[in-house]
Amino acid sequence: MLKKFAICLLSSLLVAGCSTVTPDKIKDEIASYDASTPTGYDVQNSGFIGFMDDGKGILTPFGVLRYNTLVTAYKLKFKSYKGVELTENSGITEFTDKKGNKLFIIDQQHLVYYAILNSWRKEGKPSDSIVDKVIDKVN
Amino acid sequence: MGTNIATAIINAIAAVFTVIKDVFGAKNTSEMKDRQVKQKETNYTSEAEKAIKEKDVKKIRDMLAE
Numbered sequence: 048m049l050k051k052f053a054i055c056l057l058s059s060l061l062v063a064g065c066s067t068v069t070p071d072k073i074k075d076e077i078a079s080y081d082a083s084t085p086t087g088y089d090v091q092n093s094g095f096i097g098f099m100d101d102g103k104g105i106l107t108p109f110g111v112l113r114y115n116t117l118v119t120a121y122k123l124k125f126k127s128y129k130g131v132e133l134t135e136n137s138g139i140t141e142f143t144d145k146k147g148n149k150l151f152i153i154d155q156q157h158l159v160y161y162a163i164l165n166s167w168r169k170e171g172k173p174s175d176s177i178v179d180k181v182i183d184k185v186n
Numbered sequence: 359m360g361t362n363i364a365t366a367i368i369n370a371i372a373a374v375f376t377v378i379k380d381v382f383g384a385k386n387t388s389e390m391k392d393r394q395v396k397q398k399e400t401n402y403t404s405e406a407e408k409a410i411k412e413k414d415v416k417k418i419r420d421m422l423a424e
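Just so you know, the protein sequences line up as chains A and B, in that order.
Okay, so the first sequence: first residue is 48 according to this note's numbering, each after it adds one.
Okay, so the second sequence: first residue is 359 according to this note's numbering, each after it adds one.
I should point out that these hints are in silico values taken from the structure, not numbers from a laboratory.
Some hints here could point you the wrong way.
In silico EDC-like pairs for lysine to aspartate or glutamate, Cα to Cα no more than 20 angstroms straight-line [claimed, not checked]:
hint : chain 1 : residue 1 : chain 2 : residue 2
1    : A       : Lys129    : B       : Glu405
2    : B       : Lys416    : A       : Asp100
3    : B       : Lys413    : A       : Asp183
4    : A       : Lys169    : B       : Glu405
5    : B       : Lys417    : A       : Asp101
6    : B       : Lys413    : A       : Asp144
7    : B       : Lys416    : A       : Asp183
8    : A       : Lys129    : B       : Asp414
9    : B       : Lys417    : A       : Glu76
10   : A       : Lys169    : B       : Glu424
11   : A       : Lys169    : B       : Glu407
12   : B       : Lys411    : A       : Asp183
13   : A       : Lys124    : A       : Asp183
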C-alpha cells in the first residue's frame with residue numbers, strides 16, 4: 048500500500064517538475080486583411096506592402112496606424128527592455144509610389160521593433176501601467 | 359521493527375523528493391524564468407532581422423498579422 052502511494056507521489060512530482068515553465072512565443076499566423084491598401088496591391092498584407100531596394104519596408108496607412116498604437120501602448124516597457132525610446136512615427140517617412148499612392152517607409156531597425164511590439168500584443172502582454180510610469184520616472 | 363522500516367521508507371522518499379526539488383525546482387525560480395523569456399525575445403528578434411535581411415515579405419507579413 049505504502050509502496051503504491053510512494054510510486055504515485057513520485058510520478059506526479061516528476062511530471063510536475065518536467066513541465067514547461069514559460070510560454071512559447073505566439074506562432075505567427077497568416078497575413079491579415081488591410082482595407083487601407085491601395086488598388087493594385089495584395090490586400091492580405093498585414094499592413095506591409097514589401098521591401099524597397101535598400102531593404103527598408105513599405106507600410107500602408109493602416110500599418111502605420113497600428114505601429115503607432117503599439118508604440119503608445121508599450122512605450123515604457125520597450126524602453127525598459129531595449130533601452131530605446133520610441134515615439135509616434137519613429138523610423139517612418141512618407142512615400143509616394145509610381146501610381147501616386149500615399150504610402151510610408153519604415154527603416155529596418157524600426158521594422159524589427161514593430162514585429163516585437165506586435166508579438167507582445169499577440170501574447171497578451173499588458174500595456175504600460177502606472178507602475179511602469181513610476182519606474183520610468185525613478186530611473 | 360515494522361515502525362522502523364516504515365520510518366526508513368518515508369525518510370528515503372523524502373530524500374528523493376528533496377533531490378527532485380533541487381534538480382527540477384531550479385527551473386521555476388524567477389531568475390530562470392526571466393532568462394528563458396529574454397532568450398525567447400532574443401530568438402524572435404533574430405528571426406525578424408533574418409526575415410528583413412532576406413527580404414522575406416511573407417514572413418514579415420505573418421509576423422505583423424493582427
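Indices of hints not satisfied (ascending): Hints 3, 7, 8, 12 contradicted; others consistent.
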